[in-house]
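Peer 1: Chains as they are written, first to last, in full-length UniProt numbering: chain Y, 1 to 296; chain U, 1 to 296.
Everything labelled a hint here was simulated from the structure, so no lab data went into it. Where hints are given, some of them may not hold.
[What the hints assert, rightly or not] Sample of chain Y residues with no beta-carbon within 12 angstroms of chain U, all distances over it, derived:
(1) Arg-10
(2) Lys-48
(3) Gly-53
(4) Ser-59
(5) Gly-91
(6) Glu-94
(7) His-110
(8) Val-120
(9) Glu-132
(10) Thr-167
(11) Pro-195
(12) Ser-223
[Said to hold, decoys possible] In silico lysine to aspartate or glutamate, EDC-like type, Cα no more than 16 angstroms apart, as pairs:
(13) U:Lys-29 / U:Asp-68
(14) U:Lys-219 / Y:Glu-292
(15) Y:Lys-285 / U:Glu-132
(16) Y:Lys-285 / U:Asp-4
(17) Y:Lys-294 / Y:Asp-145
(18) Y:Lys-285 / U:Asp-208
[Said to hold, decoys possible] Covered by chain U, according to a simulated footprint, are these stretches of chain Y (three or more residues, beta-carbon under 8 angstroms):
(19) 211-218
(20) 245-252
(21) 263-276
Computed from a prediction, not measured in an experiment: that's the story for all the values here. Yeah, the Cβ is synthetic: ideal placement off N, Cα and C, and Gly gets one too.
One-letter residues, chain by chain:
2 protein chains.
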Amino acid sequence: MSKDGILFDRVTFIGIGLIGSSLARSVKKTGSAAHITVCDINQAHRDKAVELGFADDASGDFIAAVKDADLVVICTPPGVCGDAAAAFAPGLKEGAIVTDVGSVKQSIIHDVSQHLPDGVHFVPAHPIAGTEHSGPEAGFAELFDGRWLILTPPAGTDETAIAKVRTLWERAGSQIEIMDAQHHDMVLAITSHLPHLIAYTIVGTADDLGEHLKQEVIKFSASGFRDFTRIAASDPVMWRDVFLNNKEAVLEILQRFSEDLTFLQRAIRWGEGDKLEELFSRTRKIRREIIEAKQA
Amino acid sequence: MSKDGILFDRVTFIGIGLIGSSLARSVKKTGSAAHITVCDINQAHRDKAVELGFADDASGDFIAAVKDADLVVICTPPGVCGDAAAAFAPGLKEGAIVTDVGSVKQSIIHDVSQHLPDGVHFVPAHPIAGTEHSGPEAGFAELFDGRWLILTPPAGTDETAIAKVRTLWERAGSQIEIMDAQHHDMVLAITSHLPHLIAYTIVGTADDLGEHLKQEVIKFSASGFRDFTRIAASDPVMWRDVFLNNKEAVLEILQRFSEDLTFLQRAIRWGEGDKLEELFSRTRKIRREIIEAKQA
Chain Y
1 MSKDGILFDR VTFIGIGLIG SSLARSVKKT GSAAHITVCD INQAHRDKAV
51 ELGFADDASG DFIAAVKDAD LVVICTPPGV CGDAAAAFAP GLKEGAIVTD
101 VGSVKQSIIH DVSQHLPDGV HFVPAHPIAG TEHSGPEAGF AELFDGRWLI
151 LTPPAGTDET AIAKVRTLWE RAGSQIEIMD AQHHDMVLAI TSHLPHLIAY
201 TIVGTADDLG EHLKQEVIKF SASGFRDFTR IAASDPVMWR DVFLNNKEAV
251 LEILQRFSED LTFLQRAIRW GEGDKLEELF SRTRKIRREI IEAKQA
Chain U
1 MSKDGILFDR VTFIGIGLIG SSLARSVKKT GSAAHITVCD INQAHRDKAV
51 ELGFADDASG DFIAAVKDAD LVVICTPPGV CGDAAAAFAP GLKEGAIVTD
101 VGSVKQSIIH DVSQHLPDGV HFVPAHPIAG TEHSGPEAGF AELFDGRWLI
151 LTPPAGTDET AIAKVRTLWE RAGSQIEIMD AQHHDMVLAI TSHLPHLIAY
201 TIVGTADDLG EHLKQEVIKF SASGFRDFTR IAASDPVMWR DVFLNNKEAV
251 LEILQRFSED LTFLQRAIRW GEGDKLEELF SRTRKIRREI IEAKQA
């Protein structure tokens, strides 16, 4: 099954935003599917997917869209993966594989699995890739090239199904890591969810300033603020769902962050320069490790 | 004085790190000085400045280094600008212009002005440019090209001196803005100092994790965390001094940020998705304004 060419006869994408349309482009480009169907509740997105050529057809009917599908890829915001699964599950054929691309894994596994009939295999997946843009026009086939793809299959998941999903992502250029869902959610809370929350917060703080000051913040944003605005331009609905669905891990790491920030605040107030310098020297080393790990 | 060629016969740089060496390279490249002297307490930096060719000579003696200088550019960390001025002031000639490049302006104006003799003009300046790298090798002449340069001359500063410093920076490619020092310190607290503090904090929080988790944070850093590590790799001593010398503005904006973060934390805990989505939609607009202002 790892040979080039057809990997699945029919693939259906549920939701066709940045991630879905990027993967669909990759599947089309690598010839991994004989037929690609797109299902999206947004008519404009469906039309765009067909117009852009990475979908062979499109439908707003969940059950019809997954009929005869060998692979169904859920690419909706994390909070509605369960609802989507409930809607399409009755149309699934025996032996179909279902996967997803959500940034949280425990809640999606919980929400989706309960709706799937016996004989259908669920392989949860999360590509560590994205941009601050949204929608089917924003996607591109190379988005996953050289990036991590984390699989979090629960114990007992069909090995053949895992292998096929893995191959699909390898063809998109991803490096594969297999991880426990709970561990995934903690690691991502630190590397992704907290940074996004912080970026949203600081940009929001700036937005609440008086209009004159806000215009100057925009004008002089290159001094550091600008980097946060790119992160804080990410899809609002998707990120709302990430925080609501990874609540425990996010609140735990946020608590540690707040303590550390209060420590620095106090050091600034009391003029304790040695404490600041010690931390700022340590953080510089982490950057070096990231460069050495070729993640920079 | 705005014609090409010599703008100052002799220019002396006090401190030759990233910013100083970048400006020295620009001055050399544009032929704005007949002679460039570098003064740095670090012998290796002095040797490097001469070796790299942007300094005509170098000295560790502050008074000798500024003798006959028409322009003295203080490029030390913000916390020692006053000490540097105290050290070189006795060597300044009548009519000399002193300027600086510090990221905070009120404290530097206070610390430097008190040491300068009558007949010497001080024109405080701050280039909104930098990288996470430090030292004389890290500089490059194009660092200021298309970037803002903020001048904060106190009322009554000699207009000719202001114009000459302005021209020097225009030749480096900077756009010039004139601003009150107190206002500068508040704007930069928001656009630069708080983002750096937050980035240092979050990278520090990650550094305090257990070793195994930390290695995974580095591995999967591309999901958001990586952007913070670049900011948190900035020069530790310079940034220590920024926070200690812009304490009031930083603590004020940090207080607002903390309140906003607590609001989001509470919204996550209680599952108030509408509050999250509303903020995340507002922050996306700020990014658009930055792109429209051509600062992205």
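Peer 1: Minimum Cβ separation between Gly-91 (chain Y) and chain U greater than 12 angstroms?
Peer 2: 29 angstroms, holds
Peer 1: Once the closest CB in chain U is found, is it more than 12 angstroms from Val-120 (chain Y)?
Peer 2: 29 angstroms, holds
Peer 1: Just want to verify: Gly-53 (chain Y) was marked as not at the interface with chain U; is every Cβ pair farther apart than 12 angstroms?
Peer 2: Holds, because the least Cβ-Cβ distance between Gly-53 (chain Y) and chain U comes to about 28 angstroms, which exceeds 12 angstroms.
Peer 1: Is Lys-29 (chain U) within 16 angstroms of Asp-68 (chain U), Cα to Cα?
Peer 2: 22 angstroms, violated
Peer 1: Could you grab the alpha-carbon distance between Lys-285 (chain Y) and Glu-132 (chain U) and see if it respects the 16 angstroms cut-off?
Peer 2: Holds: Lys-285 (chain Y) and Glu-132 (chain U) sit about 12 angstroms apart, inside 16 angstroms.
Peer 1: Over 12 angstroms to the closest beta carbon of chain U is the bar; see if Ser-59 (chain Y) clears it.
Peer 2: Fine: 28 angstroms to the nearest Cβ keeps Ser-59 (chain Y) off the interface.
Peer 1: Does Pro-195 (chain Y) really sit off the interface, with its C-beta more than 12 angstroms from all C-beta atoms of chain U?
Peer 2: Given a closest Cβ separation of 4 angstroms, the condition is violated.
Peer 1: Would the least Cβ to Cβ distance between Glu-94 (chain Y) and chain U come out above 12 angstroms?
Peer 2: Correct as stated: the minimum Cβ-Cβ distance to chain U is 36 angstroms, above 12 angstroms.
Peer 1: Lys-48 (chain Y): least C-beta distance to chain U exceeds 12 angstroms?
Peer 2: Its Cβ never comes within 12 angstroms of chain U, the nearest being 20 angstroms, so this holds.
Peer 1: Would the least Cβ to Cβ distance between Arg-10 (chain Y) and chain U come out above 12 angstroms?
Peer 2: 31 angstroms, holds
Peer 1: Confirm or reject the statement that Glu-132 (chain Y) sits farther than 12 angstroms, beta carbon to beta carbon, from all of chain U.
Peer 2: 7 angstroms, violated
Peer 1: Given the hint that Lys-294 (chain Y) pairs with Asp-145 (chain Y), test it: the Cα-Cα distance must not exceed 16 angstroms.
Peer 2: 14 angstroms, holds
Hint check: violations occur at hints 9, 11, 12, 13, 16; the rest are consistent with the structure.
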